[in-house]
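So the sequences go chain by chain: G and F.
One rule links them: number in the numbering used here = place in the first sequence (from 1) + 111.
One rule links them: number in the numbering used here = place in the second sequence (from 1) + 3.
Think of the hints as simulated: they come from the structure by calculation, not from any bench.
Worth double-checking, as some hints may not be accurate.
Computed Cβ-Cβ distance ranges for the label pairs, DEER-style [said to hold, decoys possible]: (1) F:10 <-> G:171: 42 to 52 angstroms; (2) G:121 <-> F:69: 32 to 42 angstroms; (3) G:153 <-> F:60: 27 to 37 angstroms; (4) F:79 <-> G:175: 36 to 46 angstroms; (5) G:188 <-> F:45: 20 to 30 angstroms; (6) F:15 <-> G:181: 43 to 53 angstroms; (7) F:44 <-> G:133: 14 to 24 angstroms; (8) G:165 <-> F:86: 20 to 30 angstroms; (9) F:57 <-> G:128: 47 to 57 angstroms; (10) F:15 <-> G:128: 16 to 26 angstroms; (11) F:86 <-> G:163: 20 to 30 angstroms; (12) G:218 <-> F:79: 29 to 39 angstroms.
These numbers were taken from a predicted model, which means no experiment stands behind them.
From the three backbone atoms N, C-alpha and C, an ideal C-beta is built for every residue, glycine too.
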Amino acid sequence: AQSVSQHNHHVILSEAASLELGCNYSYGGTVNLFWYVQYPGQHLQLLLKYFSGDPLVKGIKGFEAEFIKSKFSFNLRKPSVQWSDTAEYFCAVDNQGGKLIFGQGTELSVKP
Amino acid sequence: GAGVSQSPSNKVTEKGKDVELRCDPISGHTALYWYRQSLGQGLEFLIYFQGNSAPDKSGLPSDRFSAERTGGSVSTLTIQRTQQEDSAVYLCASRGSGGAYEQYFGPGTRLTVT
């Protein structure tokens with residue numbers, strides 16, 4: 112069965128620090144990959160997505176992610192975090208239009 | 004344009020009662036999904052509707068859970084004889100067609116079973 116694993120449960124950073132959140136998935140076929148973000152008190156929003164093409168994808172608010180097929184990974188990065196990035200981040204995978212399988216989520220706390 | 008809407012936003016019910024949760028997808032979206040978000044289980048898929056095809060019910064945790072989608076638009080998730088472990092936030096998402104794979108989520112319904 113498909114599964115998604117996020118390496119970090121809770122990450123605490125100071126403003127301006129760099130961020131990398133790990134995500135690995137298990138699925139042998141073609142997949143679409145996503146990062147969603149849930150800000151406190153808000154609903155899930157799409158941060159970025161990968162369907163095909165350039166494995167380095169850029170999303171909103173300065174986030175980017177790199178798809179490394181050989182490692183089944185889709186890590187999220189941001190060079191310099193802000194206090195407003197405090198949120199929970201979810202990696203997800205689907206097999207082209209079907210249900211999303213989510214990772215456990217990573218709670219990011221950014222200290223001002 | 005309008006996003007996915009869900010009602011009610013909060014629902015408190017007594018154990019053993021039935022509840023209905025409603026989802027209005029984005030207009031024109033052909034696919035509709037239900038997920039559940041709880042502390043112990045994270046985000047779990049429940050059921051998926053795609054056009055007129057038979058729904059994918061593989062995520063429903065028990066036969067107390069059911070869902071329907073009327074007229075290819077509004078969906079209702081019904082939980083019969085609610086149990087305390089059903090307490091969670093129930094999320095609805097919809098997706099367009101033509102290769103657009105991202106799902107757009109609603110604000111959720113927080114269900115508390117007492």
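Take a look at whether the Cβ-Cβ distance between residue 153 of chain G and residue 60 of chain F falls inside 27 to 37 angstroms.
The hinted range 27 to 37 angstroms holds for residue 153 of chain G and residue 60 of chain F, with Cβ atoms some 29 angstroms apart.
Could one say that the CB atoms of residue 15 of chain F and residue 181 of chain G fall in the range 43 to 53 angstroms?
Hint holds: Cβ distance 49 angstroms, inside 43 to 53 angstroms.
Using the Cβ atoms, figure out if residue 57 of chain F sits within 47 to 57 angstroms of residue 128 of chain G.
holds (49 angstroms)
Between residue 86 of chain F and residue 163 of chain G, is the Cβ distance one that fits in 20 to 30 angstroms?
Given about 43 angstroms between the Cβ atoms, the range is violated.
CB of residue 10 of chain F to CB of residue 171 of chain G, is that within 42 to 52 angstroms?
violated (28 angstroms)
Between residue 218 of chain G and residue 79 of chain F, is the Cβ distance one that fits in 29 to 39 angstroms?
About 32 angstroms separates the Cβ atoms of residue 218 of chain G and residue 79 of chain F, which means 29 to 39 angstroms holds.
Given the range 32 to 42 angstroms, decide if the beta-carbon distance of residue 121 of chain G to residue 69 of chain F lies inside it.
Holds, since residue 121 of chain G and residue 69 of chain F (Cβ atoms, about 36 angstroms apart) stay within the stated range.
Given a hint of 20 to 30 angstroms, does the C-beta separation of residue 188 of chain G and residue 45 of chain F actually sit inside it?
holds (22 angstroms)
Residue 15 of chain F versus residue 128 of chain G beta-carbon gap, inside 16 to 26 angstroms or not:
Given range 16 to 26 angstroms: violated, Cβ gap about 41 angstroms.
Cβ-Cβ distance between residue 44 of chain F and residue 133 of chain G: within 14 to 24 angstroms?
At 21 angstroms between Cβs, range holds.
Lying within 20 to 30 angstroms: is that true of the beta-carbon distance residue 165 of chain G to residue 86 of chain F?
violated (47 angstroms)
Using the Cβ atoms, figure out if residue 79 of chain F sits within 36 to 46 angstroms of residue 175 of chain G.
holds (39 angstroms)
Violated hints, listed in ascending order, are 1, 8, 10, 11; each of the other numbered hints is respected by the structure.
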